[in-house]
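Enquirer: Starting from the given sequences, assemble the full structure and let the hints guide the process.
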Amino acid sequence: MNPKQEIIKNRIEGLSNLDIGSRLRGIYPFHDWLKSVSVALKAARIQDELKIWEDSLPHIWDLSYEDSMFTENPSHAQVSFAKDILLGFLNNLSDDDKPSAALFPMEIVQDTRDYVFRIAQQVNTCYANACYDACAVMLRRLIETLIIECFEHNAIASKIKDTNNNYVNLDQMIGNFINESIFNLSRETKNNLHKLKAIGDKSAHNRYYTANRDPLDNLSQEIHVIIRELVNKSGVKK
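Counted from 1, the sequence shown has number 2 at position 2 by the UniProt record's numbering; the numbering is strictly sequential.
The hints are simulated quantities; they were obtained by calculation from the structure and are not laboratory data. Check each hint, because a few of them may be wrong.
Stated by the list, open to error - Mimicking BS3-like on lysine-lysine, the simulated pairs with C-alpha atoms at most 27 Å apart in a straight line are:
1. Lys83 with Lys35
2. Lys195 with Lys159
3. Lys237 with Lys159
4. Lys83 with Lys9
5. Lys233 with Lys197
6. Lys237 with Lys202
7. Lys83 with Lys51
To be verified - Derived Cβ-Cβ restraints for the label pairs, each shown as a range:
8. Gln5 with Asn164: 41 to 49 Å
9. Asn165 with Lys195: 25 to 33 Å
10. Ser220 with Ile178: 20 to 28 Å
11. Glu152 with Pro215: 24 to 32 Å
12. Asn176 with Gly235: 12 to 20 Å
13. Trp61 with Asp162: 19 to 27 Å
14. Glu180 with Arg213: 26 to 34 Å
15. Asn176 with Tyr28: 38 to 46 Å
Source: prediction; values computed, not measured. Cβ atoms here follow ideal geometry from the backbone N, Cα and C, with glycine treated the same way.
Expert: Shown next, in the form of structure tokens:
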């Protein structure tokens, strides 16, 4: 194991040793651990992985607390997602067979709104660096973002909001999207949106699952079609 792998392995072991379920300590050890990973990667000049890690931090905090014993503690989804990113780094630094290409061409999202482009960029960066769980979760986020943009662009966002004016969950959102005649979606998009959501859900919430590239590669053509179609229908091009 090379020195860079040792650094990442030590950070993974550090997470395993945290008493993150303690009432007294709550979220703070996890927060400190997240910062320690950034410091370690920066000190070792592991630049590509550092960028992925820091780009992923906001999403780690966005993950739901619904499976946490106490709301002041990190959720299982947060801990699992953070650990999976580091396991991807570990694999990437020892794997000569990592993919050299992006999951989808960035030209599809060229000249879109900045936040759309940045999410898409994170999807491809995670894929190119063999961080497949992170890639799947960010792909799910990209799809959700573009679906919301489609509804807002057509001034029908109320169709994906509940009685409290909050957006419904992604499963329901996809169902409404597929059934909304104004979008006239392709058969490929209709047949595969739920599949892509399921890949992201599994990577975010299944504690025993660690993704490899196969589920993403098996749907690579469909991913191209779906993202291109959603971009075109959402009005996010500048």
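Enquirer: Which earlier hints turn out false for this structure, listed by number in ascending order?
Expert: 6
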